[in-house]
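A.B. asks: What follows is each chain in one-letter form.
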Amino acid sequence: MAQYLALTYTADVDWYAPEHAAELEEYRVFGRDYADRITASAVLHPTGTATVVRVTGARGGEVVTTDGPYAETKEALTGYYLLEAEDLDAAIAIAAQIPAAWGGAVEVRPVLRAK
Amino acid sequence: MTARNDPLAETVRIEGARILATLVRTVGNLQVAEDAVQEAALVALREWPRTGVPDEPRAWLTVAARRKAIDILRRESARADKEREAVDLMELSSPDPPPDGVVRDDQLRLIFTCCHPALAPDARVALALRTLCGLSVAQVAAVLLTTEPAMAKRLTRTRQKITAARIPYRVPSDVDIPGRLAAVCGVIHALYTAGHAPLEGPAAVDVDACAEAIRLGRLLRELLPDEPMPAAVLALLLLTEARRAARTDPAGDIVRLSEQDRGAWDIVLIAEGCALLDESLRRTGGVADPYQLQAAIAAEHARAVGYDHTDWAEIVRLYDLLLTVAPSPAAALSRAVAVAEASGTAAGLAALDAVPPGTRWYAVRAELLARDGRFAEAMADVTASLAGEMTAPERRYRERRRAEWTARSRDA
Chain D
1 MAQYLALTYT
11 ADVDWYAPEH
21 AAELEEYRVF
31 GRDYADRITA
41 SAVLHPTGTA
51 TVVRVTGARG
61 GEVVTTDGPY
71 AETKEALTGY
81 YLLEAEDLDA
91 AIAIAAQIPA
101 AWGGAVEVRP
111 VLRAK
Chain X
1 MTARNDPLAE
11 TVRIEGARIL
21 ATLVRTVGNL
31 QVAEDAVQEA
41 ALVALREWPR
51 TGVPDEPRAW
61 LTVAARRKAI
71 DILRRESARA
81 DKEREAVDLM
91 ELSSPDPPPD
101 GVVRDDQLRL
111 IFTCCHPALA
121 PDARVALALR
131 TLCGLSVAQV
141 AAVLLTTEPA
151 MAKRLTRTRQ
161 KITAARIPYR
171 VPSDVDIPGR
181 LAAVCGVIHA
191 LYTAGHAPLE
201 GPAAVDVDAC
211 AEAIRLGRLL
221 RELLPDEPMP
231 AAVLALLLLT
241 EARRAARTDP
251 AGDIVRLSEQ
261 DRGAWDIVLI
271 AEGCALLDES
281 LRRTGGVADP
291 YQLQAAIAAE
301 HARAVGYDHT
311 DWAEIVRLYD
321 LLLTVAPSPA
331 AALSRAVAVA
341 EASGTAAGLA
351 ALDAVPPGTR
361 WYAVRAELLA
371 RDGRFAEAMA
381 DVTASLAGEM
391 TAPERRYRER
401 RRAEWTARSR
411 DA
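Here the protein sequences line up with chains D and X, keeping their order. Just so we're aligned, residue 1 is where the first sequence starts under my numbering, counting upward by one. Just so we're aligned, residue 1 is where the second sequence starts under my numbering, counting upward by one.
Simulated from the structure, these hints should not be mistaken for laboratory data. Just so you know, even glycine gets a beta-carbon here, dropped at the ideal spot from N, CA and C. This list has only true hints and no planted wrong ones.
Far from chain D by the CB rule (all over 10 angstroms, computed), these chain X residues:
(1) 330
(2) 346
(3) 360
(4) 392
Estimated spans, in silico, between C-beta atoms of each pair:
(5) D:36 <-> X:275: 45 to 53 angstroms
(6) D:29 <-> X:122: 35 to 43 angstroms
(7) D:5 <-> X:176: 20 to 28 angstroms
(8) X:6 <-> D:104: 49 to 57 angstroms
(9) D:5 <-> X:150: 24 to 32 angstroms
Bound-form chain D, shown alone (with noise of 0.2 angstroms):
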């Protein structure tokens, strides 16, 4: 087994928000159906609440932060699930049941395994 973290891109919304509601369902009926596959997963507060953080120079120099998210995209990262899957064959199947991969998009990208 390998591990996957999927990425989900999607539309910048509050996920709180009434009209969101049927869609966050979606989300919660592939995490229960998955449930044997996925590791951890989390759902993101919209990008205006983002912060970005860096140290100027070397560890212990000033830190930087700036409003907003890391890249401007149109389409935000909103969340993730971190998945167990043979392959990437195996991976690219779970991941298109995600809701994110209609309307949106899904990243897929393969964990480094410690040595």
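Knowing the structure of chain D, use the given hints to seat chain X on it.
C.D. replies: Just chain X now, with coordinates in the frame of chain D:
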């Protein structure tokens, strides 16, 4: 570097590519298997001219490559457990070459891995040339018009993705095969297309990418005889290849379809291409795929005894179908040419209006305008068509046309 005309190097390269497929499965690592086959091939090329070609070159290369793979895995001590297991396995296994059935399955696995849709399209083409055709990195770079270091880097990144993301070394399940085959056929078609540019351009490449694409097309067709798409893509390649020699004159200049010597077309390839197309269409239930339609267009041209006998109305109909399943500016441009032949230049020019302009668009429009005697406009368009990049023969051809029209507009 293997040369096209060196039969020994050809044998080593083709056998090497065949061995690689099985070795990848045994070793579990594409890079190690590639390096092992390459080292074994180098030994063969060094020894065989001196000692003579062994009775069973395939067996010889299999044993040599397996030994090299074991050496490489031992050298790299920090290998994962799976690959250490592979060493033990290989040492225990019999040194005989695996039976044909096993090799065929391995070849299919390698084809589907190299053409996995999770890889970038140009990376698939490069990897196919390297692993399925057994070309050197320098040769792959030459075919794809890039430098050797850039190609080496590209191939390394691609192999790293296969390993890190765990792209499986497996033939897809029956339900997934049609979708995955589209990617494989796309690679074979792109490879053939890549073979055209260097052939016509000034750079001499010692690899015939068109021949390599046809060889791969034949292999895929042989491995999956019941699938319609491999038959269709092979039909398209053969019907195109049949006319290749007639497309240029001895000086390397372009000969237009209307002026080609149809006697120089390869009738054996045409017959094979048409038979493959018919068989592919018989196996297709619903809508024809883009390769079937393009092959059908090529077959229409091949069947016409002369340019004037071409069934242009049928060709327009086929382009219309092609544009519904696979719209592209190139197909729309070719359709406009067919419309001009079927219904006159005015209809052709009207069809062109719906196509986004590019250098080829201007060249086509110039030809149609000149046919109507509108030489001043034709000269302006052909001049615009010369602004972009094109092969040297294509440039010479357009410049020649411009000179002809200049002369005729003075006479008028």
